[in-house]
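Asker: Sequence:
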Amino acid sequence: MDYSTLSDLQIIRQIGDFVKAERVQQQKSQEQLSKEAGISRSTLSLLERGEKVNLITLIQVLRVLDRLQWLEAFEVKKTISPMEYIKLQKKYDRQRVRNSDMAADNPPLEW
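The sequence shown begins at 1 in UniProt numbering and counts up by one.
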């Protein structure tokens, strides 16, 4: 499903449908789930109908339904910029070994 084409209210309804389907699949009543989540039954009913509820309410319900992995899409992963990568590469690149006799400070005697 292309969520970018849905309105905000349609997305909220999708979330409500998901919560209700999970609750029914786990054979929990609204009363049971709301009690375990620490919310009122009417708040859970609002969520399942696609009404506006607090984000914390959704998190509490997802936790009880053991569906917090749904939030992995919001995880911020650390990335490295191309410039940082180049700097790290230079730091760990092989360094040329110089013979101390050939250094500019000590020219060969034959010169």
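These are computed hints drawn from the structure, not numbers from a lab. Worth double-checking, as some hints may not be accurate.
Unchecked claim - In silico lysine-lysine, BS3-like type, Cα no more than 27 Å apart, as pairs: (1) 77 with 87; (2) 28 with 52; (3) 78 with 90; (4) 90 with 77.
Small disclaimer: the values here were computed from a predicted structure and weren't measured.
Asker: Evaluate each hint against the coordinates.
Answerer: Verification of the supplied hints:
1. Annotation: proposed proximity of residue 77 to residue 87 holds, straight-line Cα distance about 21 Å (limit 27 Å).
2. Restraint check for residue 28 and residue 52: the C-alpha separation of about 22 Å stays at or below 27 Å, so the hint holds.
3. For the suggested pair residue 78 and residue 90, the alpha carbons sit about 21 Å apart, so the restraint of at most 27 Å is met.
4. Pair hint residue 90 plus residue 77 holds up; C-alpha atoms about 24 Å apart against a cutoff of 27 Å.
In the structure shown, no violation is registered for any of the earlier numbered hints.
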